[in-house]
Amino acid sequence: MKSLLVCALLGGLMFQEQEIPHFQGAYISGLYGGTGWFSRHADLNRDGQMDLLLPERIMLQRDKQYPVELHIPLPDLPDGAVLDVWDDRIYIKHNEGIRCIQWTEGTWLTVLDQTLDWQGRVPKNSVAMGTLPKPELGRFLHDINADNQPELIEVTESALWAYTLLDRQYELGLMAPIIPPTTLSPRTAIQLWPDVDRHFAYPVREMRANLVLEGDEAILIQRQKLPEQLMQYTVTRYALNIETGTAKPSGEVWSTQAVPNTMSLRHLNNDGILDLVGIQQELSSASALPAFIRTHSTSIDGGKSFHSVRARVFPGFIGHTWFVDVNHDGRQDRIVESPQIFDQGPRETITSMLTRKKIGHSLSVYMQGETAFDANPAYSLKFTMDLSEPPIQSGPLFNQYIRGYRVSLLGDFDGDGWNEVAVQAKENLLELFNLNSGELVGSIPLKPNMRWTVGDVNADGLSDICVSAGIDWDNIGLLLPGEKLPTTVYFSLGNQP
Amino acid sequence: MMGRIWTAYLVEWSKSLRLKRSYLWLLLVALAIGCSPFLRPVVGDSVGDYGFIAYVTPLAMNVLGFFLVLAFTAGLISTEMASGTIRMVLTRPIHRWEWVVAKLMAGLTYALIMMTLVSILSWAIVWVLGDLSGVTYGGELLSSHGEMVSAYTFGFFLSFFPIAAGVAFALAISTLTRSPISSVMATVGLWLALDFLKTPLGIDAYIFTTYLEMPWQHFADRCDGIATQESKDILHLLLCSGTTFILALFVAITSITRRDFSR
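Chains as they are written, first to last, in the numbering used here: chain D, 461 to 957; chain B, 44 to 306.
Among the hints, a few may not be true.
[What the hints assert, rightly or not] Some chain B residues well away from chain D (every beta-carbon gap over 10 Å; in silico):
| no. | residue |
| --- | --- |
| 1 | Thr50 |
| 2 | Asn105 |
| 3 | Leu184 |
| 4 | Ile269 |
[As the list claims (entries may be wrong)] Simulated crosslink set (DSBU-like; lysine-lysine; CA at most 30 Å straight-line):
| no. | chain 1 | residue 1 | chain 2 | residue 2 |
| --- | --- | --- | --- | --- |
| 5 | D | Lys907 | D | Lys842 |
| 6 | D | Lys818 | D | Lys842 |
| 7 | D | Lys886 | B | Lys241 |
| 8 | D | Lys708 | D | Lys685 |
| 9 | D | Lys842 | B | Lys63 |
| 10 | B | Lys63 | D | Lys817 |
| 11 | D | Lys818 | B | Lys58 |
To be clear, the hints were calculated from the coordinates, so they are not data collected in a lab. This one's a predicted model, so the numbers in the text were calculated from it and none came from an experiment. Cβ coordinates follow ideal geometry from the N, Cα and C atoms, glycine included.
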């Protein structure tokens, strides 16, 4: 309440609140930064404002909000359809073919409805008990030949397939056998002794690779296991040509050094080199209690050198995200979070676990420079998180905390090019702090058992806050199957005097 | 005055040395440290084993050792009162407060011996069984042996303050009871009660026991390769320990000087 008063008196970030039914907001897209959406942005009615595509409806934007009267249901879709969007057109992939629709003059116009023989089947959604299979959002459109007409992409066990538009009909334009063959899974190996572990084993074959499409290139990232818990990434690029229907290797095959098998490939900057990031967790050698030491390792030179930061964490502590571009310079900065409970010695830690309802939380930001990460954190903030109950009782607020739902550095709410820190230190209040000065710049009251995420819902360049109900196990039976509670979006209006 | 206190201290310390339990408790701590490698193995594999020292020291010095130091000090005056020997002591040409200070010095000496024993034994075990070549991670030397020794010395020095506060606290309780058993029970009981109530009451920052193990954190952080930050808690530690020490000593002196031992 005090913080609300301060904001009201001194000015600060202002938000416009709207409850949006059926909207689920954003979610943390992995721990390597970024926000994922249960919806997609597109200017569906060509008015220059970004609308939302959901699996069952579209929501048109007006005055930075999504009024309920502009929520338009999609036409009947085949079971298990997958939706993707290109400009103002919605493509619906289903088992029998492809359909393309467009919202024009207050009605749905079918632009294309074609049967297609897919190489594989369109996977059907998992069906929850008592519900019908629902359409879902997916990604199968990509413009390979830069003609502003998307190709339909399909990846099967054997190849990458691309269907291209010829005479208003999609036809198979490319079959690229670039997918590595499957091999017999090591998990198939059966154990004969002890006899209780003996079992029938199906000869499972598997292959793990990542396929990335960038322009007219397909990038295949393979991971090869090496002895001593090491591994090596190999990146192969293929030039895709729709006209000739071929995929040829382009450039040299790039391989990382042998690196620990906890490392994965990411883009942490725009230098064109794939970067390596990884987390290793081990028990603290110095603590009598099961405190974990988490080592964040990063290499932005292909594995030649690593920068590591270590932090002491709870067993099971995840944290919000590990990389965020906090100053919007195109380089992902490293975030290290650490609960401050294991830094008091074994006796005092046990006492705290049993009796303390508030624990300290430290957040450090290591900026990524031109060639390396800074050795020391540029920003170190400390908060006191109210858990309502001692950690030993593992209450809802504690669980939210260790899963990283109470701190976020993903949002730039005032559009100044620097992200703000959003912290739910108390159950009923979300506070926003300036990263540079540590000053409180805004706050939002929260009801009990609410979860929040950060993301730019209306794509206006200012991050917004989506607040939705967490799982209320006491009243979950009151919801119909598949029904979700509405999400309240706090649309940022930026700094207001 | 100083001469009288020093003489009284020597007398009190020699009395303590005659008690079997003084040695028994040191032996108990030594035994606990000696058995620790079974719980937390130390292996000579050219990887620094400072983690063992950071593991053992707070447990042996600030949990078991602190408990025994409290018990030792809590019996220093209450024993004299229970047996009535305090009357004979008070016939000596010494102020009552000087005698209390001498007792306090005996308690502090015992605490210092306990701390030294823990330090020597924990380092000796690693020296014999393990490795003391600095802390490395991924082949990179994060802290040299010298830095680890400095961090430990710093922890040892800082650790003395809350322990000294505990000694004064136990001595104060000792002056308020007439039986050594009830004195020990009251001291340990109050310690535990304080520890469990301080957070719900919101007074944890002002209780010296909060800072008992804190001095070792810098050393433990170095063992785990964590970048340590300067802690403002050091100031709190010194203030809380100092305040408790002075208050407890005041209570002990007041209690002894105002009490009528003729009845």
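When you check the alpha-carbon spacing of D/Lys818 and B/Lys58, does it fall within 30 Å? violated (47 Å)
Straight-line alpha-carbon gap D/Lys708 to D/Lys685, limit 30 Å: holds (26 Å)
Far enough from chain D: is every CB of that chain over 10 Å from the CB of B/Asn105? violated (6 Å)
Verify this label for me: B/Thr50 is non-interface relative to chain D, using a Cβ-Cβ cutoff of 10 Å. holds (38 Å)
Within a Cα-Cα threshold of 30 Å, do D/Lys907 and D/Lys842 meet the stated pairing? Holds, at roughly 24 Å.
When you check the alpha-carbon spacing of B/Lys63 and D/Lys817, does it fall within 30 Å? violated (44 Å)
Please verify whether D/Lys818 and D/Lys842 have alpha carbons no more than 30 Å apart. Satisfied, since the Cα-Cα distance of roughly 13 Å is no more than 30 Å.
Does the claim that B/Leu184 lies outside the interface with chain D hold up, using a Cβ gap greater than 10 Å? About 13 Å separates B/Leu184 from the closest Cβ of chain D, which puts it past 10 Å; holds.
Next pair to validate is D/Lys886 with B/Lys241; report whether the Cα-Cα distance is within 30 Å. Since the Cα atoms of D/Lys886 and B/Lys241 sit roughly 21 Å apart, the hinted pair holds (cutoff 30 Å).
Should the label of B/Ile269 as a non-interface residue stand, given a Cβ cut-off of 10 Å to chain D? Per Cβ check, B/Ile269 is inside 10 Å of chain D; nearest 5 Å; violated.
Taking only the CA atoms, is the gap from D/Lys842 to B/Lys63 under or equal to 30 Å? violated (50 Å)
Of the numbered hints listed earlier, those contradicted by the structure are 2, 4, 9, 10, 11.
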